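Produce the complete structure using the sequences and hints provided.
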Amino acid sequence: MLLRSIISRLIAVAITLFGVAVVVFTLIRVAPGNPIAMMLPPGATAADIARLEALYGFDKSLPEQFVIWLKAVAQGDFGTSIIMRQPVAELVLERLPATLELALMALLLAVALGGLGAVVGARFRGRSPELGVDLGVGVGLSVPDFLWGLLLILLFGVLWPVLQISGRVDPRLAVDLSTNFYIIEGLLRGQWRLVQDVLAHMLMPALALSLPLAAMIAQVLKQSLKAELHLDYTQLARVRGLSETRVIVSEALRNAALPTLTLIGVQFTFLIGGTVIVERLFAYEGLGNMAIEAVINRDLPLIQGIVLLFALLFIVINLAVDLTYGLLNPRLRHG
Amino acid sequence: MSAPVLEISNLSVRLPNDLKVLNTVDLRVEPGEVRALVGESGAGKSMLGKAVLGILPAGLRQTGRITVLGQALDQLPASVRRREVARHVSLIPQDPLTALNPVRPIAAQMTDAMVRIHGWPRRKALARAADLLEQVHIRDVARVLKSYPHELSGGMRQRVLIAAAFATEPKLIVADEPTTALDATVQREILRIIRGLQQETGTTVLFVTHDMGVVAQISQRVTVLFGGRVVEHIDTEALFAGAGQGHAYSRALIRATPDWTRSDAPFAPVPPEVIADLMQEQTR
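Protein sequence lines correspond, in order, to chains S and R.
The numbering of the first sequence is this note's numbering, which starts it at 1 and goes up by one.
The numbering of the second sequence is this note's numbering, which starts it at 1 and goes up by one.
By construction, these hints were calculated from the structure, which means they are not laboratory data.
A quick note: this is a predicted structure, and the numbers were derived from the prediction, not measured.
All the given hints hold, so there is nothing to weed out.
Some, not all, of what chain S presents toward chain R, calculated at C-beta under 8 Å: (1) GLY126; (2) ASP232; (3) GLN235; (4) LEU236; (5) GLY241; (6) SER243; (7) GLU251; (8) ARG254; (9) LEU328; (10) PRO330.
Glycine included, every Cβ here is placed at the ideal spot set by N, Cα and C.
In structure tokens form, the structure reads like this:
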């Protein structure tokens with residue numbers, strides 16, 4: 001039973017990735033803009049162009065190019081970046097940790113802020129703190145992440161400059177790590193100076209990404225909590241001496257978390273999409289920033305690699321959400 | 001006479017629009033007594049139970065005095081009141097399907113209160129939980145303790161809730177229509193179980209119900225409510241003796257109870273003139 005569901009899941013993953021590959025491969029070749037033109041200096045001859053086109057395989061038909069690329073990908077070769085002249089897989093994997101850490105930090109902040117808002121709003125339901133939470137939710141939802149980014153730069157970069165507005169780490173700081181997971185590895189190795197500096201760089205972009213999601217979490221979770229608080233089991237918990245806050249946190253929260261978890265699963269993928277523009281805004285050296293460079297330069301192999309990686313990331317996130325769902329809800333564990 | 005377990009005097013509960021859902025209610029329940037609290041929908045019987053437990057919905061205003069074991073609950077700060085209620089009073093809720101937390105196993109839900117209120121070690125609490133589950137006629141105790149609520153039937157869940165209510169050795173149990181959500185055969189069994197545990201432990205019970213049949217089976221005394229006011233307090237036996245004792249309204253409620261054993265049982269709602277008399281009486 002379990003084996004069958006794993007296999008069907010893997011088949012679905014393969015089909016999804018193939019679909020993404022077809023779409024992205026076709027789209028970026030149909031779109032205007034020629035990568036070869038970007039590579040050559042002005043005044044290059046037609047022969048030069050033809051030579052380069054042959055070198056990169058652009059002289060072949062679209063289906064032929066796709067098959068060649070897919071074969072290579074199947075063997076783990078994602079091609080070479082046209083601009084950087086380095087293997088795509090290498091480039092992408094080098095940047096992935098930066099984006100993952102940023103996205104996870106944003107998720108953490110969103111869950112913390114949204115969860116806090118929901119608990120406070122439900123605890124003081126019908127009173128002014130709930131109104132405050134609702135107002136915050138409205139503002140959080142109506143301002144997009146990049147605008148939050150600009151606002152934060154103004155606040156904590158200019159008016160009260162306590163945070164770093166650009167980059168991922170102070171370039172003067174010697175980074176002596178074996179992976180690019182600066183925070184995770186830094187924490188494990190106890191390099192507090194480095195972690196502190198990376199956090200000072202990451203906090204603003206992470207916060208900018210997290211605020212809209214935090215607002216959504218606060219709204220949905222508060223509604224679910226309020227619904228749970230009408231049920232008899234919370235009534236019984238009160239009779240057994242739990243304070244209202246403890247009724248919410250230790251009895252209702254796990255039940256109310258289920259719809260919110262679905263929301264987080266869906267919205268987290270949007271959040272990762274949001275890293276593209278927010279990373280650009282903060283000159284943060286992650287995948288998103290690299291994606292913009294790749295698009296501007298028509299670096300087709302690199303675009304393909306990044307998009308495929310994003311697609312894989314979305315799939316992994318959805319899987320993780322499904323697994324957590326079963327963990328939280330005993331009704332899903334059997335049968 | 002010994003001190004009452006529950007004494008309510010001059011209790012009124014007002015809605016935000018100043019409508020009184022409970023109106024100058026007096027009630028005195030002696031140790032070991034099973035007191036039925038009966039009335040039609042909206043009579044305020046569940047509100048009275050909630051007021052005793054301190055779980056009235058937000059926005060309702062309460063005046064008057066509620067004394068449990070000689071302690072005036074309304075005089076206490078909220079946190080102390082909560083602790084005192086938890087120590088001395090339990091609730092058997094109405095709907096067993098929503099009264100257990102779906103994501104926690106039965107064992108945890110039964111033992112939590114014992115550990116927190118009495119400070120018993122978890123193992124002692126677990127042993128008591130198992131013991132009580134046997135007393136409410138659950139056969140597969142070990143399995144039930146490990147189960148989640150959705151793995152048990154409604155009747156099983158209500159037994160678990162009854163066991164949990166007795167687990168903390170309360171002096172007073174508020175049973176809020178505990179059989180209403182169950183079908184007839186399970187109802188009888190549940191009533192027998194509550195009655196059995198009550199007699200064994202001598203716990204005082206405030207039994208909220210709209211069913212005169214249940215009143216006759218379980219209680220020694222009845223308090224009849226109408227429109228938030230007490231119609232009368234009367235011995236159950238006297239009321240059901242058929243000798244014309246009790247208020248006309250109470251007797252009309254008994255007649256209104258459908259008789260399941262006869263196919264030609266008459267439909268006998270409370271006559272309008274009884275209601276009219278009662279309302280006139282209450283405005284006086």
